[in-house]
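Asker: In our numbering, the protein residues as written are 2 to 330.
It should be emphasised that the hints constitute simulated quantities derived from the structure, not laboratory data.
All values reported here derive from a predicted model rather than from experimental measurement.
Hints are not guaranteed to be accurate.
[To be verified] Restricting the straight-line Cα-Cα distance to at most 30 Å, the calculated cross-link-like pairs of lysine-lysine (DSBU-like) are:
hint: 1; residue 1: Lys113; residue 2: Lys313
hint: 2; residue 1: Lys158; residue 2: Lys313
hint: 3; residue 1: Lys318; residue 2: Lys258
[Unchecked claim] Restraint ranges, calculated between C-beta atoms of paired labels, are given here:
hint: 4; residue 1: Gly323; residue 2: Glu47; range: 24 to 34 Å
hint: 5; residue 1: Glu47; residue 2: Val301; range: 20 to 30 Å
hint: 6; residue 1: Phe159; residue 2: Glu266; range: 16 to 26 Å
hint: 7; residue 1: Gly160; residue 2: Arg192; range: 34 to 44 Å
hint: 8; residue 1: Val301; residue 2: Ala256; range: 21 to 31 Å
hint: 9; residue 1: Asn321; residue 2: Asp297; range: 40 to 50 Å
hint: 10; residue 1: Leu134; residue 2: Lys309; range: 41 to 51 Å
hint: 11; residue 1: Ile243; residue 2: Arg48; range: 17 to 27 Å
hint: 12; residue 1: Phe159; residue 2: Ile243; range: 45 to 55 Å
hint: 13; residue 1: Asp177; residue 2: Arg117; range: 15 to 25 Å
hint: 14; residue 1: Leu155; residue 2: Gln51; range: 49 to 59 Å
From the three backbone atoms N, C-alpha and C, an ideal C-beta is built for every residue, glycine too.
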Amino acid sequence: MSAKDKAKDNRVAAPVGHQREIDRLEKDVEELRQLAGDSAADAELERIRQEVSELRREFYTHLGPWQRAQIARHQQRPYTLDFIGLLFTDFIELHGDRGYADDRAIVAGLAKFHGRPVAVIGHQKGRDTKQRLNRNFGQPKPEGYRKALRVMNLAAKFGRPIITFIDTPGAYPGIDAEERGQGEAIARNLREMARLPVPIIVTVTGEGGSGGALAIAIGDRVNILENSFYAVISPEGCASIIWRDSSKAETAAVAMKITAKNLKELGIVDEIVPEPEGGAHTDHEAAGRLVDEVLDRQLVALTNQPTKELLKARYEKFRNMGQFFDLGS
């Protein structure tokens with residue numbers, strides 16, 4: 002049985018099953034490569050390798066919204082600190098909100114991008130249990146948003162463009178966060194980011210969850226990686242509210258139009274950043290290069306735009322979101 006036939010037999014399985022099948026086939030290819038020794042065997046090996054590559058490409062091309070949501074949450078996807086290491090130099094992390102504490106769910110600091118001074122802010126999750134607990138699973142508390150705003154104001158003071166990376170299930174919903182003004186902290190960020198007199202570029206790199214994402218996502222350009230999603234609520238949360246059944250998350254994901262393609266069509270994002278074959282989690286360096294090209298191009302364009310025009314366009318961009326009717330008619 003060919004590799005393609007094996008994959009077709011498994012199409013009733015869950016997306017994870019598809020990925021495991023592809024991974025197993027790639028492992029078989031690697032074992033065959035070590036055994037190959039003559040030209041005929043090498044030719045056959047190359048044929049199988051091409052077949053596996055085609056399977057992977059086909060699999061990731063036809064993913065549904067729920068499957069892409071699972072990839073967006075993959076624990077090996079590049080996080081903010083990964084992108085900082087790949088794209089920026091001279092990074093200096095700044096800590097604390099000067100009022101309560103340092104929230105490690107948000108990374109913020111100053112760096113250089115292609116030699117130009119910038120401010121970098123983004124959510125940070127974690128890959129193992131210890132890291133996730135330390136980073137609060139990428140869910141910021143009020144002090145995280147206040148830290149982010151402090152760094153943004155510092156950037157504005159010295160004329161540094163701001164680059165943010167979004168990857169959070171949402172703002173932390175705990176009682177302690179509410180007691181310290183979670184809603185107020187998010188609202189203040191929205192207001193202040195709308196009028197910061199420097200270019201702001203936002204990139205959704207994983208999951209963009211509700212106000213927890215939006216609090217550092219008011220920008221002149223909003224990008225999204227190909228397999229990321231951005232929504233007012235998680236598919237599971239939506240399913241729990243609408244159908245009282247979180248197991249209907251896949252149905253909710255389709256109805257919510259959360260994918261990069263949907264968001265581009267609706268005017269929520271400006272540009273879709275392609276990912277390496279198999280997703281950003283398979284090759285961080287390649288993903289970094291693709292993001293780098295987009296950020297560099299956009300930053301050059303925004304830097305040459307007069308501040309007054311920049312602020313007006315940013316304000317209108319977000320005020321016009323969600324308007325699907327002509328109120329004048």
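Asker: Take the hints in turn and mark each one as holding or not.
Answerer: These are the hints, each one checked on the structure:
{"no.": "1", "hint": "Lys113 / Lys313", "result": "27 Å, holds"}
{"no.": "2", "hint": "Lys158 / Lys313", "result": "19 Å, holds"}
{"no.": "3", "hint": "Lys318 / Lys258", "result": "20 Å, holds"}
{"no.": "4", "hint": "Gly323 / Glu47: 24 to 34 Å", "result": "51 Å, violated"}
{"no.": "5", "hint": "Glu47 / Val301: 20 to 30 Å", "result": "41 Å, violated"}
{"no.": "6", "hint": "Phe159 / Glu266: 16 to 26 Å", "result": "38 Å, violated"}
{"no.": "7", "hint": "Gly160 / Arg192: 34 to 44 Å", "result": "21 Å, violated"}
{"no.": "8", "hint": "Val301 / Ala256: 21 to 31 Å", "result": "38 Å, violated"}
{"no.": "9", "hint": "Asn321 / Asp297: 40 to 50 Å", "result": "27 Å, violated"}
{"no.": "10", "hint": "Leu134 / Lys309: 41 to 51 Å", "result": "45 Å, holds"}
{"no.": "11", "hint": "Ile243 / Arg48: 17 to 27 Å", "result": "48 Å, violated"}
{"no.": "12", "hint": "Phe159 / Ile243: 45 to 55 Å", "result": "47 Å, holds"}
{"no.": "13", "hint": "Asp177 / Arg117: 15 to 25 Å", "result": "38 Å, violated"}
{"no.": "14", "hint": "Leu155 / Gln51: 49 to 59 Å", "result": "51 Å, holds"}
When each numbered hint is compared with the structure, violations occur for hints 4, 5, 6, 7, 8, 9, 11 and 13.
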